[in-house]
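S.K.: Put chain B on the given structure of chain A with help from the hints.
Same order as they appear, the protein sequences are chains A and B. Just so you know, the first sequence maps onto residues 1 to 292 in our numbering. Just so you know, the second sequence maps onto residues 1 to 292 in our numbering.
Check the hints yourself; a few may be wrong.
Identical copies look the same in the list; a pair holds intra-copy or inter-copy alike.
Taking lysine to any residue and the SDA-like style, the derived pairs with C-alpha atoms no more than 25 Å apart in a straight line are [said to hold, decoys possible]:
| id | residue 1 | residue 2 |
| --- | --- | --- |
| 1 | K258 | S248 |
| 2 | K243 | T225 |
| 3 | K176 | L18 |
| 4 | K198 | S169 |
| 5 | K95 | A260 |
| 6 | K289 | R14 |
| 7 | K95 | C85 |
| 8 | K95 | F273 |
Keep in mind that the hints were calculated from the coordinates and are not lab data. The structure displayed is predicted, hence computed values, not measured ones.
Protein chains: 2
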Amino acid sequence: MTRFDDYLEQINARLQALLPVSDYDAPAVCDAMRYSIAGGGKRIRPVLLLESCRLCGGNPQDALDFACALEMIHTYSLIHDDLPCMDDDDMRRGKPACHIAFGEASAVLAGDALLTEAFHAAAACAFAKQHPDRALEAIALLASLAGAGGMVGGQAIDLQSEGQAVSLSRLRLMDKLKTGALMKAACAVGAVLAGAEKAQRDALERYADNLGQAFQITDDILDVTSDSQTLGKPVGSDAEQQKSTYVSLLGLETAKQKAADCTAAALQALATFGDEAAFLRKTAERLLKRTS
Amino acid sequence: MTRFDDYLEQINARLQALLPVSDYDAPAVCDAMRYSIAGGGKRIRPVLLLESCRLCGGNPQDALDFACALEMIHTYSLIHDDLPCMDDDDMRRGKPACHIAFGEASAVLAGDALLTEAFHAAAACAFAKQHPDRALEAIALLASLAGAGGMVGGQAIDLQSEGQAVSLSRLRLMDKLKTGALMKAACAVGAVLAGAEKAQRDALERYADNLGQAFQITDDILDVTSDSQTLGKPVGSDAEQQKSTYVSLLGLETAKQKAADCTAAALQALATFGDEAAFLRKTAERLLKRTS
Chain A
1 MTRFDDYLEQ
11 INARLQALLP
21 VSDYDAPAVC
31 DAMRYSIAGG
41 GKRIRPVLLL
51 ESCRLCGGNP
61 QDALDFACAL
71 EMIHTYSLIH
81 DDLPCMDDDD
91 MRRGKPACHI
101 AFGEASAVLA
111 GDALLTEAFH
121 AAAACAFAKQ
131 HPDRALEAIA
141 LLASLAGAGG
151 MVGGQAIDLQ
161 SEGQAVSLSR
171 LRLMDKLKTG
181 ALMKAACAVG
191 AVLAGAEKAQ
201 RDALERYADN
211 LGQAFQITDD
221 ILDVTSDSQT
231 LGKPVGSDAE
241 QQKSTYVSLL
251 GLETAKQKAA
261 DCTAAALQAL
271 ATFGDEAAFL
281 RKTAERLLKR
291 TS
Chain B
1 MTRFDDYLEQ
11 INARLQALLP
21 VSDYDAPAVC
31 DAMRYSIAGG
41 GKRIRPVLLL
51 ESCRLCGGNP
61 QDALDFACAL
71 EMIHTYSLIH
81 DDLPCMDDDD
91 MRRGKPACHI
101 AFGEASAVLA
111 GDALLTEAFH
121 AAAACAFAKQ
131 HPDRALEAIA
141 LLASLAGAGG
151 MVGGQAIDLQ
161 SEGQAVSLSR
171 LRLMDKLKTG
181 ALMKAACAVG
191 AVLAGAEKAQ
201 RDALERYADN
211 LGQAFQITDD
221 ILDVTSDSQT
231 LGKPVGSDAE
241 QQKSTYVSLL
251 GLETAKQKAA
261 DCTAAALQAL
271 ATFGDEAAFL
281 RKTAERLLKR
291 TS
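Just chain A, same shape as in the assembly:
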């Protein structure tokens, strides 16, 4: 079993254990939470968190509940993002979006509950009892990067930019917050939990920043070059919604080059870790070449 598969198995099993069971009289919200968490997805963020912890000398086991918390936050953001009043997307990861499957109200509540349970998982885990100082720093970091100055801020800029021509610098800021913030959270939280030195954490944050940008550019490219079956969601939606993307602003070839440049910069940031960073290097290369 590869290390990636091993991480994946641990994350998926632990997510199942952490999510609430519908033992009360309103099962719809618990079912909706489990539906969206089980919806698949690449689990990139929690894997990055575990590996960042390992790379800085920590035990990935110690970071598992934080990794799950990060995936819960990512999943809540997708549920709310798909709502009719937001992006109004009916499909997510090849399945009906949460609000299509469970109704809008349950989707709002499922998102709220996932965000709340994420912080419960982080604060209540065994490692937090052993290293409360590191756990608190990690929780503050997670909240800061997920909040108004991070991911939610990025979604707000996205909303406000709808139907408008957007400059490349604004697109970059939006993606840095909307996509990059949780990538950065993955690497930074992993480092903090491991008690990493500042240089290690800085290197991982540079990696995450470039990885996040390459990831978003690749998303924009796939919306043009892929097909909906491979992607699990409609293609061409950016053009249809007249959204500014890296492809619309730079052209397809330049966008591809930029994604490759960002990936190269991400690899470069890992130099300080030597051969130990092979897994993170492979992850960056794999994400650049992904087809969905």
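M.R.: For chain B alone, coordinates are given in the frame of chain A:
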């Protein structure tokens, strides 16, 4: 200045300091957060938190950021509760609801951001650095009582009960989660931050449980007996929506008696604190006699 006014002034000033400033390109979300926080409200939960901390021998100053976190969680829940897909209320505290003033998408995001910033405020405060173990326990408690097994669970039951006849025991469970959970969080978090003994915390939780029930019954009574100007929201909405309430299930007089009984039980729970609990006693009596 009374202790209540003193607490109120501290809470309101600190909330202003903790909320993000719209220094980026999407001010709508920050403005919406501030709008809803500034919307008034009785600040009962944060006041209870500060006083519970003091009563257990702690310094209310140490608990201030947790008190603000609790108020942010309460406010986010009101914003999401008022959304068209939830209760669809246009007015809140005598002003247009957040989604009326800022649009639905910004209201969803403002709620998400308030919930996220709440955990940031709690994890990043100065007291958390001094007592990381207590802070972590308090964060876990807050998340647990606000999540699927607490407040959000109560809202889910509420949703599922719409247009249905509801038994008294189900109404009690719903209110215990929807309203009671954050009241309990206020008292329990205050106690935990002060390093309270188990007996103290148990007594405060009994107080909170009864106070929460009296509070909800009084809400149901005011929906029948008050006028919309005094209340700041439409009256008679429960009957209009054919919602089961303590008044519809018990009748007005029995509901009044039950609110008084719960208040008496709340006072009784404070016996162990002696005269020091005068403030909490007065709070319970004031809430029973409130007109809005």
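S.K.: To test your reading of the hints: which numbers does this structure violate?
M.R.: 4, 5, 6 and 8
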